[in-house]
Amino acid sequence: MRRCKGPLFVLFLAAVFVATLVALVPARAFASNGNALKPEYATWSDLSGKRVGLLAGAPFESKIREKCPNVGEILYYSTMSDTIAALRGKKIDALVNNEAVGMLASNRYGDITLFPEPLGEYKMGIAFPKGGDLASKFGKITDRLQSDGTADRLWDKWTSGDDSKKTLPEQDWAGSNGTLTVASCESLEPVSYLGDGRMMGYDIETLLICAKELDYRLNFEPMEFSDVLSYIQSGKADFGNGSILISDERKQAMDFAVTHENDLVLVVRATESAAAASDGSGSNWLDGIADSFTKTFVKDNRWMYIVNGLCVTAIITLCSGVLGAAIGFATVLLRRRGNRVVRAIIGGYEGLMNRLPIVVVLLVLYYVIFGSSDVSGTVVSIVAFTLAFGATAGSIMWNAVQAVDAGQDEASLALGFTERQTFFGVILPQAAHQFMPLLSGQFVNLTKQTSVVGYIAVMDLTRAADVIRSLTMEAFFPLFCIAAIYFALCCLIAAAMGFVIRRIDYERKPRTVRGVKL
Amino acid sequence: MSFIEIQHLRKEYPGVVPLKDVNATIERGEVISIIGPSGTGKSTLLRCLNRLETPTSGRILIDGVDMCDPATDLPAMRRRIGMVFQGFNLFGHMLVVENIMYGPTKLLGMDRQEAYDEAIRLLGQVGLKDKALSFPSELSGGQKQRAAIARSLAMHPEAILFDEPTSALDPGMVSEVLSVMRDLAAEGYTMLVVTHEMRFARDVCDRVFFMNDGVVWEAGPPEQIFENPQRAETYGFVFRVRSWEWELTYPDSDHPAMDGSLSMFFSRQLVGRRLANACQHVVEELSAERLPSIAREVGASGAIATYTLCVPENGEKAILEVDCHNLVERGVAPDELWHSRDAVSDALVEGYAVRASNRDGSNDPAVLVYEIG
Ligand SMILES: Nc1ncnc2c1ncn2[C@@H]1O[C@H](COP(=O)(O)OP(=O)(O)OP(=O)(O)O)[C@@H](O)[C@H]1O
Ligand SMILES: [Mg+2]
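For the protein sequence lines, the chains are A and B, in the order given. 25 is the number of the first residue of the first sequence in the numbering used here; add one for each residue after it. 27 is the number of the first residue of the second sequence in the numbering used here; add one for each residue after it.
Errors might be hidden in some of the hints.
[Stated by the list, open to error] Stretch by stretch, here's where chain A covers chain B in the computed footprint (C-beta under 8 Å, at least three residues): (1) 85-92; (2) 292-302; (3) 360-373.
[Unchecked claim] Here are the computed distance ranges between Cβ atoms for each label pair: (4) A/D529 - B/D89: 41 to 49 Å; (5) A/G465 - B/K46: 23 to 31 Å; (6) A/V366 - B/D229: 24 to 32 Å; (7) A/G431 - B/R300: 50 to 58 Å; (8) B/E53 - A/E443: 54 to 62 Å.
[What the hints assert, rightly or not] Computed cross-link-like contacts, BS3-like style, restricted to lysine-lysine with a CA-CA straight-line distance of at most 30 Å: (9) A/K275 - A/K319; (10) A/K190 - A/K115; (11) A/K147 - A/K74; (12) B/K132 - A/K533; (13) A/K87 - A/K62; (14) A/K91 - A/K147; (15) A/K541 - B/K46; (16) A/K319 - A/K190; (17) A/K161 - A/K62; (18) B/K155 - A/K533; (19) A/K541 - B/K132; (20) A/K161 - A/K236.
In short, the hints are calculated from the structure, not lab data. For every residue, glycine included, the Cβ atom is placed at its ideal position computed from N, Cα and C.
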C-alpha cells in the first residue's frame, strides 16, 4: 500500500505543475520595459482607504499618514519581492520604497508604475550599534563622497540599465584593522542585493570605498531587511546596510552614516498594463517559460542557491534528527533510572518544548541566548531543532517503553539479567517496534519544519527560493522547484526509515534461530 | 542450615502491610504450597524471596546468602532461583525456543547450538516440541505457561517459585500445567507454589503454608491443613473455598459456562473424579430438564434457581442445595417441585447414591436438598 502511493502522488504533483504553468505563464511572461503608464491612483486622496505594503522594519507609516490621513491598512512583508508580488496580486494597492528600487521594479513590470508624487526626500545610510566610533569614521568618508560628486557617479552607475558596468572592486587591501561583519539587506536592487552569489549595489560599493580607506576588510552577510536591524542591535554584526532610513527614533537606538539622500516613492498598479505591456504574440508563451526558467536557474548560476540551500536543509535536518533522537533516548534512560526530580525536569523540558512555536525558540536562541556570541545561524538552528525533536522523540519513546508489559521486565530480572540487560535485551526491542513508525513520521515533520530557519537568516532551501524570487521577481519556478525537492527529501527519509523499521520488525522475521542448525 | 530461611520478614507499602512477620525454613527438595485468602501477601512473599521486592525488614537467607545484603550479587542469586508468573511473561519479540535459549546463552555463556538442543529437550519435556518456532502470541494460555516453565528450567535453578501459575488459565488448560509441575516435584526440584488448586496442594506438596493477616498462620503437611486444621481461620478458608454457587436462568442459560465453572471447582478441590461426575450429573439433569420445564409452565423468566454445592470433610460426599424461591413465588406448588426432586434422586451414579433430604434444621419447601455420597 505504502509503495504505490508515492508515484501516484508525484504524478498528481506533476499534473498540478503543468496545469498551473499553462494557466499562469502566458499572462506573466511578457512584461515589457516601461513606457510611462497611467497609475491607478494619482493623488493622495485617491489612496484613502487603500492598503499599503511596507518592508517589515520600515518606519514609513507615519509619513504616509501625514500625506494621506485616511489611508487604509498598512501591511508588512519580509522581502521586497513579496511586497511587489502582493501589489501585482492586488493584495495591496501601493508599496513604498526608495526611488531607485521603485524605478527598477516598475521598469521590470509593465503592470506597475510610480505614483506621481514622492513621499518626500529622506536621508538613508548605514546603521551602527549605538556608541562605537565606527559610525563617525565611516560618516566622515560618506559625507565627503557626497560633496565631491562620487556618490552621484555611483548612483548613476547602479541605477542605469546597463548591467555590464555594475562591478565591484576586489578587497585587495591589507585589512590591517581587522574584518567587520556587515548585515546586508539582500533584496533591494540596485542599492543592496544578492547578484551572482555575492552582495552588490550602491551601498556595497560605498562601503568598500570606506573600508579601503580605513583599512578594514568586510564580510557581507546577506539577509532580509527585517533581520538587518536585529543583527545590529544584538551585536551579531558590526553594522548593517540596506537603504536604512535615518529617523529620530532610530537615532536613539543606533548611530548612522549617511550614504544617500533620496526620494521615497510609492509604487502602484498601472491601469492600462495588460494592453500596453503585452506584445500580443500568444504563440510564443513557451519562450516565456524558457525565459522564466533561465532567469530562475541558469542565469548567474542561480541553481547554486538551490543546491546550497538543499545542503543546509539536509544538514540541519540530519544533525538535529540524529542528535534529537539521541537526546530523546537519553531522557528515556534517565527516566528509568532517575528519581522524581530528574523525571520532573525531563517532564518540564518536554512540556516546554511541546508548547513553544519553533520559530520563537529559534529567535530566542539566536538573538537572546547566543545573541552576542559568534555562533552561526545554522548551528543555532541545529540546536533549536535538536531540542524540539529531542522532546518529541523522548516522549514517543517513553510511551512505547512504558507500554511494554511490565511482567516481561520482571521475568527478565528473575532470570538473572541486570536492569541494563533487561532494558536493552527485552524492553527496547519491543518498544522500538512500537515507536519507530511514529518517530519516522516525526522525522519527516522535522524536515518540513526546518523551512522556518530563514527567520534567523539561514540560507536554507526555502530561503534560497526567496532569494531567487527577489532577484527575478517571479515566484513560480523557485517555489515549485523547492516544493518538489521537499517532497522528494521527505519521501527519501520515509523510505530510509521504512527500511530500518522492516529490519527490526520481529513479526516479519523468518522462523529460524540464528547460529543454530535446526 | 536450611536451604531457604525466612526470619521476621516484613514488607510495608504506603498504607498496607502485606507481610508482618513471616518466619519459615525450607529444605532442599521440599515442595511447598502457599494458600490463603486474596491480598494476604502470598505474591509479596514470593517476590521478596528473589528480591523483585525489597523487604522493609527481616532476613532472607538462601543457601546461606543474605538476600537483603546490598553487597549480594542479586542477578547471580536470581539465576539460581527460577520464577513462573501468573501472566506467563514470555518475551514477545522472541520465538518460543529463543525465549528458552535466552538465559543460558546470555547468562551462562552456553553455546547457541547446545542451548538450542537443550531448549528442544525441555520443550519435549513439557510437551511443546512442535511449538518451538512459534511466537508466544500464537500459543494458548496453557502452552504459554508450559513454555515459561521450560524457560525457567533452562537455567537449571535450584528452586522454582510459582505465583499462581494456573490462575489465568481456562479450566481445560489447568491440568496440563499441573501435570508438568507434578513431574518437576517428582524429579526433586525445590518448589514454592502459590496456588488455589487445593487438590494439587494436597496431592503433590510436602508442606502447606496457610497465609493470613501477613504471617504464615498455619504450616504443616497437607493432611493436617486439609483434614485436621489446628486453627479456626484455616478451617474456615479450607471449607469456604469448598463450596460452589451458580444462579440458573431461564430461558437463556449458559450451560457451557456453568459446566466450566463446576469443573474448575472440582479440579481445585479435593473432590474425586467419580463424586464430581455424580454431582455434575445431578446439576445437569436439573438444569437441562426439570427446572426449565417447570419455569416454562408458569412463564417464569430470569433467575429461577440458585445452586450451592458443598464438599465438606474430606471430600467423600457432597451436599447440593437448590433454592427455588423464585419459582414458588411465581405460583409453583411445592408438591410439583418435590416431584421433580424425587425424579432425580434415588439414583446411583458412578457408585454414589443420590438422596433427597431435608435441609438440616429447616423445612423450607422451596429449597431442594440432595446428599450425594
Ligand atoms: N507494589 C505495591 N504497592 C502497594 N501495595 C501493594 C503492592 N503490591 C501489593 N500490594 C498490596 O499488598 C497486599 C498483598 O498483595 P499480594 O499481591 O501479595 O497478595 P496475594 O496474597 O498474592 O493476593 P492474590 O491471591 O489476590 O494474588 C495487597 O493489599 C496489595 O494491594
Ligand atoms: Mg498474588
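Now for the hints, and whether the structure bears them out:
{"no.": "1", "hint": "85-92", "verdict": "violated (count 0)"}
{"no.": "2", "hint": "292-302", "verdict": "violated (count 0)"}
{"no.": "3", "hint": "360-373", "verdict": "violated (count 0)"}
{"no.": "4", "hint": "A/D529 - B/D89: 41 to 49 Å", "verdict": "holds (43 Å)"}
{"no.": "5", "hint": "A/G465 - B/K46: 23 to 31 Å", "verdict": "violated (52 Å)"}
{"no.": "6", "hint": "A/V366 - B/D229: 24 to 32 Å", "verdict": "violated (52 Å)"}
{"no.": "7", "hint": "A/G431 - B/R300: 50 to 58 Å", "verdict": "violated (39 Å)"}
{"no.": "8", "hint": "B/E53 - A/E443: 54 to 62 Å", "verdict": "violated (32 Å)"}
{"no.": "9", "hint": "A/K275 - A/K319", "verdict": "violated (40 Å)"}
{"no.": "10", "hint": "A/K190 - A/K115", "verdict": "violated (33 Å)"}
{"no.": "11", "hint": "A/K147 - A/K74", "verdict": "holds (27 Å)"}
{"no.": "12", "hint": "B/K132 - A/K533", "verdict": "holds (21 Å)"}
{"no.": "13", "hint": "A/K87 - A/K62", "verdict": "holds (24 Å)"}
{"no.": "14", "hint": "A/K91 - A/K147", "verdict": "holds (18 Å)"}
{"no.": "15", "hint": "A/K541 - B/K46", "verdict": "violated (52 Å)"}
{"no.": "16", "hint": "A/K319 - A/K190", "verdict": "holds (18 Å)"}
{"no.": "17", "hint": "A/K161 - A/K62", "verdict": "violated (45 Å)"}
{"no.": "18", "hint": "B/K155 - A/K533", "verdict": "holds (20 Å)"}
{"no.": "19", "hint": "A/K541 - B/K132", "verdict": "holds (19 Å)"}
{"no.": "20", "hint": "A/K161 - A/K236", "verdict": "holds (12 Å)"}
The structure does not agree with the numbered hints 1, 2, 3, 5, 6, 7, 8, 9, 10, 15, 17 stated previously, though it agrees with the rest.
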